[in-house]
Structure formats: structure tokens, C-alpha cells
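Model the full structure from these sequences, guided by the hints.
Protein chains in written order, with this note's numbering: chain X, 34 to 259; chain C, 7 to 68.
No wet-lab data here; the hints were simulated from the structure. Glycine included, every Cβ here is placed at the ideal spot set by N, Cα and C. Any given hint might turn out to be false.
Claimed, not checked - Label pairs and their calculated CB-CB ranges:
id	chain 1	residue 1	chain 2	residue 2	range
1	X	Pro208	C	Val52	55 to 61 Å
2	C	Phe41	X	Met42	20 to 26 Å
3	C	Lys8	X	Tyr106	49 to 55 Å
4	C	Ile29	X	Gln137	35 to 41 Å
5	X	Gln156	C	Ile49	37 to 43 Å
6	C	Ile29	X	Pro208	45 to 51 Å
7	C	Thr64	X	Asp38	46 to 52 Å
8	C	Phe41	X	His135	38 to 44 Å
Claimed, not checked - Cut-off 20 Å, straight-line C-alpha distance, at most; resulting in silico cross-link-like pairs (SDA-like, lysine to any residue):
id	chain 1	residue 1	chain 2	residue 2
9	X	Lys86	C	Thr64
10	X	Lys86	C	Phe42
11	X	Lys202	X	Lys190
12	X	Lys65	C	Lys8
13	X	Lys209	X	Asn199
14	C	Lys8	X	Lys202
15	C	Lys60	C	Gln44
16	C	Lys60	X	Lys190
17	X	Lys170	X	Cys121
18	C	Lys60	X	Asp62
19	X	Lys202	X	Thr218
20	C	Lys63	C	Gly51
21	X	Lys86	C	Ala55
22	X	Lys190	X	Pro252
23	X	Lys202	X	Cys230
24	X	Lys151	C	Gln35
25	X	Lys190	X	Asn232
26	X	Lys86	C	Arg65
27	C	Lys8	C	Val67
28	C	Lys8	C	Glu66
29	C	Lys63	X	Gly64
30	C	Lys8	X	Ile66
31	X	Lys170	C	Phe42
32	X	Lys151	X	Met34
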Amino acid sequence: MELTDLTRMLAGLLCAVGFFLCLWLPRIDFGKIDPDRKVNLGFATLSGMAFFKLLALAALFAVPAASVAVANYHTIEGVHGVESCNRCHVMTPMVTDMQDPHSQTLAARHFRNGWIPKDQCYQCHSDYGLAGDLQAKMEGYRHLARYTTRTYEEPIKYRGVFPNDNCLKCHAATPKFQAVSSHATLRVRLAENTLSCLNCHGRAHPTREQRTPDHADYPRLMGGDE
Amino acid sequence: MKTLRLQSLAAALAFAITGLYAIDPGPYQMAAFVFFAQPLFLIAGVGYAWRVWKDLKTREVL
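Right, dumping it as C-alpha cells:
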């Protein structure tokens, strides 16, 4: 069992406990609790008032804090998988193309040759979204809001410039990369991101035209038949 | 502090959304968790703290 599955189960359990506590809590009138009532917990005996106040603390503070923490861990870790990206249908063309054995895009070649064994989207877009820094997280939330409110148009467009660091973090130290003289010549421009790796190495994903709903390739990229 | 009805209902709704998100983490569930459930938990927590503070003031503990 993976950690993500474990956190999912833990979050589910915490939410179930919290939910039932919160359904029960409104029935308690703190003004009418018998001051002589005692609650025996086995290891301690509390007054009825103290017990119900602790219960309220658990239901409205402790269990929610734990649930949010576990669910957010799930939000941050769970988004690394390809299937997480593919849950938003605007990402389906990228994933379909990546898994296409005949595609020549960079993503497909990396996938086909096993150059990235798992979490392929995240490995090349590690600066993105809920898993990245604060600015990237805000961008992730913006994407989430735009997607769920359907305030976007297909094909989606990459904002800004893809950082070369995402390529260089794996390639820069390899002998194959260092053996190419133009890499040394262009080292500064690559580091400053004024020249993209894609300029020489081709497209990473299908073109915007291919990802446009009226295009002939669109049904295939959306997972339909060719 | 008499009852905690509103705080409990807000938290119960937030627990339901969070639970759904934990079981099936799709984009809509994630948006509901991020934009609704977390603020609801905050509202419930602040509401509870407010009631406790008022209660302690009434009893002249604070």
C-alpha cells in the first residue's frame, strides 16, 4: 500500500469521525448539562460539562485540523501522478500523445524509452502548481478555479516561458549533453532562459492546432479512435 | 455557551466535502475542498473560539 492510499484512508476515517461528531454536537445544550453528571472514560473521570466541552474541541478544532493536514498532504503528494493531470480533460491530449508509441514529441520519447520511470508530467513540470513554490501554488489554484468554473477556452496555452532548469536538472550532468559543443556555447543563454531547449529538440506536446476541438487530430488525442 | 449549532453544521459540511475529496480526488472535489471546505473549517473554528471566549468572559475567568 502506498503512502498516498494510506493518507486517503486516514483522511476518510477522520472525516467520518468528524462528520458524526458534528451531527451529534448540536443536540447538546451546554446550559442544561447536569453539574453532578460524571463521565467515566476508563482512564479518567470527567464532569459532564468538561467531557462535552472536550468533545466540542475535538469536533470543531482538533479533528478538522488533522483532516485538513492529511487532505492537504494528499493534495500536494497526490498531484504528482500522470492520472492526476489526466483528470482535467484539457490535459488528456498531452497524456494521450505521451503514451502514443508512434508519437515523436519529446514527452512521448521520454515516456516510450523509460527515461522517466514514474510521475512523468511532474518530473518535467516540477515548478508547477500545488507542488511548487508559493507563486506556483497560486498559479495551480488559478488553474483549478478556471477549470472548475469553465472559464477557459480550448486549446489551453502555456503562460510564460518553460524553464530550461526542468530539462537541465537531469541532462546537464550527463556526458552525452556535455559532449555537444553547442551546449557549452549556449550555456549562459540556456541558464538565463533566453533560449529554449525546445528550439533545437522539437515540440514537447501536440501543437495548439491539434488540441483545438475542430482539428482532425482532436478526437484521437482525446482518447477516441483514430 | 449554550449550543454550537452553526459551527457544527459548517464543520459537518466541510467534513463531507473533505471526505468526498479524499475518496475521489477529482478537480471539482479538489476545488470544493480548497475553496469551500477549508474556509468552512476556519469559520467553524473561529466561531467555536468566539463562543468559548464569550463564555469565559461571562464567567469572569478572563
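May I ask which of the numbered hints given earlier this structure violates, with the numbers listed in increasing order? 3, 10, 11, 14, 15, 16 and 24
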